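K.L.:
If you want the building blocks of each chain, they are given just below.
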Amino acid sequence: SMARDPKKDAVDDALRAFLRCVDEYQTSSAEVAACCKSGVFDIAQARKNMAGNGIGVSQIHYPARMRARATVDVTPFEGKGGEEASMRLKMRESTILVDEHGEEDPGMDRDPIKWFGVLVPVHLKNSQATFKKGLASAVGAARAVVEMEAHYARYQELLSEVEGDT
Amino acid sequence: APCAVPASVLSSAMADKPKISKKSDALVCVIGDEDTVTGFLLAGTGETDAKKNSNFLAVTPKTPLSAIEEAFKSFTTREDVAVVLITQTIAEMIRYLVDEYTGMIPAVLEIP
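Protein chains in written order, with our numbering: chain A, 1 to 166; chain B, 1 to 112.
Chain B extracted, bound-state conformation:
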């Protein structure tokens, strides 16, 4: 089945969206199950700095909801991020946050 058009496209006016700024070497963040995150890290997306700030969150059954919420909020507000990939199962857990997000960059993409 074709993937649905993201709700953010149809829901808010362009006037409400912040202007897009130029970014170089911006990151791709990933929130998902361990295997999906491992896969995208193998593809080279992973970054963890000296302060242990990472651009990914591998969600396990022990991961608290608050950690997922914090990761989504952090990734979608970082200046150095272009794309946030989030698996659909995890997106459903924080649907209220995902639907509330209307920014253009970082672009949020739900993946299976």
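Next up, chain A with everything else stripped away, as it sits in the complex:
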């Protein structure tokens, strides 16, 4: 049987890794798309339900100050494809924050759903849950893009070496 060429095997491995990332990216992106579609529909339903109370769901209800509860930790590392990064989504629970005058400002860190009133329709709560899932998928898709770039670059580098040898 023919001896295996380790360089050509490395090219195949790099291509397989790249295609695996493409698959992960497409799966995560499709999840984001589905969540956005469903979440936006629920926001429209909530807006319709709240219209009778004279309350809307729009950016005029956003507070002047807000603090992100969903953040991402990025950790670079040397992977098989070269420089890659892990991205971890963190959800922070409410904390009492102080403003620039040293006074407590619980308003800055409220659950965003409370911007739209105390009693909000179930559609708005559904939308919040859906967009949280969409956010997790979006971070997954972003991580897959970073990995994809590393593996594609590695694949091209190895392919050039093999083509240079022939």
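Because the hints were derived from the structure by calculation, they are not lab data. Quick caveat: nothing in here was measured; it's all calculated off a predicted structure. Careful, some of the hints might be misleading.
With a straight-line cut-off of 30 Å between C-alpha atoms, the simulated BS3-like cross-links for lysine-lysine are [stated by the list, open to error]:
id, chain 1, residue 1, chain 2, residue 2
1, B, 73, A, 37
2, A, 114, B, 52
3, A, 132, B, 73
4, B, 19, B, 73
5, B, 52, A, 125
6, B, 62, A, 125
7, A, 37, A, 133
Far from chain B by the CB rule (all over 10 Å, computed), these chain A residues [what the hints assert, rightly or not]:
id, residue
8, 7
9, 32
10, 50
11, 51
12, 83
13, 122
14, 149
15, 161
Beta carbons are placed, not taken as given, at the ideal position from N, Cα and C, and that holds for glycine.
Chain B: place on chain A using the hints.
P.N.:
What follows is chain B alone, placed relative to chain A:
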């Protein structure tokens, strides 16, 4: 239909890309229509500081193109940002900027 591979993946060499730096509690920025932005803010991504700097832009028909351009440039160059989400309709309006961006972090993701 499967989502296309971002052009930035195939277009530029790794040697041209800046190294990835470690980030803690980095933000997710959003540029999109009002409902999409509201949705992601409900999910907890929103941050507005004392100087009124926000990590989101809710685009309406009255939003000037320059504001969208400024937001994209700002979000993709901030040190405290990990991901920029931009709806495809808005991305088309500034396609020249989106395609020009080849950075790895912040990662730019187009959403429907």
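K.L.:
What are the numbers of the hints that this structure violates, sorted from low to high?
P.N.:
9, 12, 14
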